[in-house]
Amino acid sequence: MNDTLHSHEAPIEHPGYGTFIGVWLLLLLLTGCLVGLSHVSQTYAVWGLMTLTPLKAGLVFYYFMHLKYEGPVFKIVILVTLGTLLIFFALLFSDVAFR
Amino acid sequence: MSGTHATTPEPSYLVDTGTRTGVMAWLTTTDHKRIGLLYLYSMMTFFFVGVGIGLVMRLVQLTTFQKLVTAQTYNAMFTVHGVIMIFLFVVPGLPAIFGNFFLPILIGAKDVSFPRLNLASWYFFIAGAILAVLSLFTGGGAPDTGWTFYAPFSLKTGTNVSLAVFAAFVLGFSSMLTGINFITTIHRMRAPGMHWFRMPLMCWALYSTAWIQLLATPIVAITLLLVILERFFGIGIFDPAKGGDPLLYQHLFWIYSHPAVYIMILPAMGAISEILPTFAKRPIFGYKAIAFSSMSIAGVGSLVWAHHMFTSGMSGMALMIFSLLTMVVAVPSAIKVFNWVSTLYKGSIDFQPPLLFALTFIFLFCIGGLTGVMQGALAINVHIHDTYFIVGHFHYVMFGGTGMALFAALLYWFPKMFGKMYSKKAIYASWFPMFIGFNMLYFGMMILGMMGMPRRYYVHLPQFHTMHVIATVGSWFLVLGLVIFFATLIYATFKGEKAEDNPWGGVTLEWTIPSPPPLENFDVIPTITRGPYHFEQEEHP
Numbered sequence: 001m002n003d004t005l006h007s008h009e010a011p012i013e014h015p016g017y018g019t020f021i022g023v024w025l026l027l028l029l030l031t032g033c034l035v036g037l038s039h040v041s042q043t044y045a046v047w048g049l050m051t052l053t054p055l056k057a058g059l060v061f062y063y064f065m066h067l068k069y070e071g072p073v074f075k076i077v078i079l080v081t082l083g084t085l086l087i088f089f090a091l092l093f094s095d096v097a098f099r
Numbered sequence: 001m002s003g004t005h006a007t008t009p010e011p012s013y014l015v016d017t018g019t020r021t022g023v024m025a026w027l028t029t030t031d032h033k034r035i036g037l038l039y040l041y042s043m044m045t046f047f048f049v050g051v052g053i054g055l056v057m058r059l060v061q062l063t064t065f066q067k068l069v070t071a072q073t074y075n076a077m078f079t080v081h082g083v084i085m086i087f088l089f090v091v092p093g094l095p096a097i098f099g100n101f102f103l104p105i106l107i108g109a110k111d112v113s114f115p116r117l118n119l120a121s122w123y124f125f126i127a128g129a130i131l132a133v134l135s136l137f138t139g140g141g142a143p144d145t146g147w148t149f150y151a152p153f154s155l156k157t158g159t160n161v162s163l164a165v166f167a168a169f170v171l172g173f174s175s176m177l178t179g180i181n182f183i184t185t186i187h188r189m190r191a192p193g194m195h196w197f198r199m200p201l202m203c204w205a206l207y208s209t210a211w212i213q214l215l216a217t218p219i220v221a222i223t224l225l226l227v228i229l230e231r232f233f234g235i236g237i238f239d240p241a242k243g244g245d246p247l248l249y250q251h252l253f254w255i256y257s258h259p260a261v262y263i264m265i266l267p268a269m270g271a272i273s274e275i276l277p278t279f280a281k282r283p284i285f286g287y288k289a290i291a292f293s294s295m296s297i298a299g300v301g302s303l304v305w306a307h308h309m310f311t312s313g314m315s316g317m318a319l320m321i322f323s324l325l326t327m328v329v330a331v332p333s334a335i336k337v338f339n340w341v342s343t344l345y346k347g348s349i350d351f352q353p354p355l356l357f358a359l360t361f362i363f364l365f366c367i368g369g370l371t372g373v374m375q376g377a378l379a380i381n382v383h384i385h386d387t388y389f390i391v392g393h394f395h396y397v398m399f400g401g402t403g404m405a406l407f408a409a410l411l412y413w414f415p416k417m418f419g420k421m422y423s424k425k426a427i428y429a430s431w432f433p434m435f436i437g438f439n440m441l442y443f444g445m446m447i448l449g450m451m452g453m454p455r456r457y458y459v460h461l462p463q464f465h466t467m468h469v470i471a472t473v474g475s476w477f478l479v480l481g482l483v484i485f486f487a488t489l490i491y492a493t494f495k496g497e498k499a500e501d502n503p504w505g506g507v508t509l510e511w512t513i514p515s516p517p518p519l520e521n522f523d524v525i526p527t528i529t530r531g532p533y534h535f536e537q538e539e540h541p
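Protein chains in written order, with this note's numbering: chain A, 1 to 99; chain B, 1 to 541.
Calculated from the structure, these hints are not laboratory results.
Note that the Cβ used here is the ideal one computed from N, Cα and C, for glycine as well.
One thing to keep in mind: the hints can contain errors.
Stated by the list, open to error - Far from chain A, some chain B residues (derived; all Cβ distances over 10 angstroms):
hint : residue
1    : THR63
2    : MET317
3    : ALA379
4    : ASP386
5    : THR466
To be verified - Calculated from the model, a selection of chain A residues having no Cβ within reach of chain B, i.e. all distances over 12 angstroms:
hint : residue
6    : LEU26
7    : LEU30
8    : LEU49
9    : LEU55
10   : LYS56
11   : ILE76
12   : LEU91
Stated by the list, open to error - Not everything, but these chain B residues come out facing chain A in the computed CB check (under 7 angstroms):
hint : residue
13   : HIS251
14   : MET314
15   : SER315
16   : ALA318
17   : VAL479
Next comes chain A alone, as it looks inside the complex:
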């Protein structure tokens, strides 16, 4: 049955190792930035975590977990899920950040 399904799917062009290595180096660079920010001050560390970590997760989703090659429905589902999570985080921070 899988063969039948695959035969109807359009062939997907996967990137070469160069892209993966490039993304990995970028992830390492961002991790370095986060470590650096944590030495500056707690505020920088928190804002760094809140902005760069989702970016890192996005790169992993997009390239290593092949989200880039999925259909729009799948992308929308992931976006809505992450958006929902973000709303919950924001509401929690309305307490924690202003306490």
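For chain A, the structure is supplied; the task is to place chain B on it using the hints.
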């Protein structure tokens, strides 16, 4: 809709047709209707245990019975009353009973998407219930934390909190699996021609509920596991002595438990939306508004959890945001009430017991809902937080709302489920003590709360005594009404007159098949050609 009657009547789902018979046939059934009844019987058993505990708690407030139980036992009783009523009655509530029984029939299907998973959900439910009962008699005895298991007290108490929260964890699986099953069923198994906006409103209510069950329950499941880990290994996530944050527990608990209120009330609203058109003999007013208000209650209702924490020491910013969001969630609820009342307006009202209980729901739910909006205002909330006002309010919503809607739904669908009709006079006779007792008990509690009576107290000051007596006498009337109500239905199950296939003149799919329904519901899957509430076309075909 095309005809759906079998030409040669098939045996009803109540007749054993498989290889097993008797109790084993029921315990291994994958038929959605039988599973619905398994939930009905088990939940009603738990309900009456909860009622009994509540009755004793009221008695303790009378001078004569003040020493009936000790203070520690009283603490255990309000915890167990809450755990039973919330986790074993109102949360599974209407979806488990009527969702299981009627969802496939309402959308023109033969069963749910995953019948075995459906049975597994019931076993998870029973396993959780057994663990909850075991927690009363093992370890350090019955938990004394209240059903909310607030940290840090739940981390420190010597009572058997670990097993009780594990029971709630297991019950959560039942809820999540039912949610997955209903979502898949509604997406994949609707009859040909049944578009989303041709579904009866009960299906919309079950659909929104299922999403909350699926998305919110894992949060409380993980939180309860953290409580167990903290109790056994002292990981320190909620314990302030170890740098943990007890407010984080409250946040995580209410992120689930407030939407859980909508798990309880949305299917109740769905049932009311089925009952009113049938007895007003006209289409529901504002079908799409009601359908979308269910979805928006599910959405916005998930963002208001911290209104349970207004006096917890949360930040001022969070107080304002959650107060505002709480006011917003009242809008879709009000939309429903206006639409229900408009449905009745100029209808050809056929006054029958299900309608009486549906109207009772609207009246009591409005009191519960409006007192909820009151509490959304910060200044009022500070005054009445943790008082009897809160207890009165949530009983208006949960019992006056979900409970009465469950009774209305039971009266409405009883002839279809069992093929028998009950004594309408006896049901009317049960309504009077139930309604009077209910209001004496819970409105009395709200007055006590306004006067300053704190909740969960074993004893009270003399100035509260008169209202306590009124509330306790009300509880006797309420229980009398409940006993007459259920005795009538149990009697009807065995000795009731045979019910017609469509005793109320309903137009949704369940009224097109025999009472009780055959095993696979429809001989031929119907083709749907119109919306669910077309009474005019019935009169003028």
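Verification of the supplied hints:
No beta-carbon of chain A is positioned within 10 angstroms of the beta-carbon of B:THR63; the least distance is around 44 angstroms. With a minimum CB-CB distance of about 4 angstroms to chain A, B:MET317 fails to clear the 10 angstroms threshold, and the non-interface call is violated. The claim that B:ALA379 is not at the interface with chain A holds, since no C-beta of that chain comes within 10 angstroms of its own (minimum 19 angstroms). Under the 10 angstroms C-beta cut-off, the non-interface status given to B:ASP386 relative to chain A holds; the minimum distance is some 19 angstroms.
Non-interface call for B:THR466 relative to chain A: holds, since the shortest CB-CB distance, roughly 40 angstroms, exceeds 10 angstroms. Every beta carbon of chain B lies more than 12 angstroms from that of A:LEU26, the smallest distance being close to 32 angstroms; the non-interface claim holds. Listed as a non-interface residue, A:LEU30 keeps its Cβ farther than 12 angstroms from every Cβ of chain B; the least gap is roughly 28 angstroms. At roughly 17 angstroms, the least C-beta separation between A:LEU49 and chain B is larger than 12 angstroms, which holds for a residue marked as non-interface.
No beta-carbon of chain B is positioned within 12 angstroms of the beta-carbon of A:LEU55; the least distance is around 25 angstroms. Listed as outside the interface, A:LYS56 is consistent with that label: its C-beta sits roughly 23 angstroms from the nearest C-beta of chain B, beyond the 12 angstroms cut-off. For A:ILE76, the requirement that its beta carbon stay farther than 12 angstroms from each beta carbon of chain B is met, with the minimum near 16 angstroms. At the 12 angstroms boundary, the C-beta of A:LEU91 falls inside the reach of chain B, the nearest C-beta of that chain being 6 angstroms off.
Nearest Cβ of chain A to the Cβ of B:HIS251: about 6 angstroms, under the 7 angstroms cut. The hint holds. Because the smallest distance between the Cβ of B:MET314 and any Cβ of chain A comes to about 5 angstroms, under 7 angstroms, the interface hint for this residue holds. Hint status for B:SER315 relative to chain A: holds, with the closest Cβ pair at about 4 angstroms, below 7 angstroms. Given the 7 angstroms rule on beta carbons, the hint for B:ALA318 holds: about 4 angstroms separates it from the nearest Cβ of chain A.
A distance limit of 7 angstroms between C-beta atoms decides the matter here; for B:VAL479 the minimum to chain A is near 41 angstroms, and the interface restraint is violated.
Figure legend: structure checked against the earlier numbered hints; hints not met, in rising order: 2, 12 and 17.
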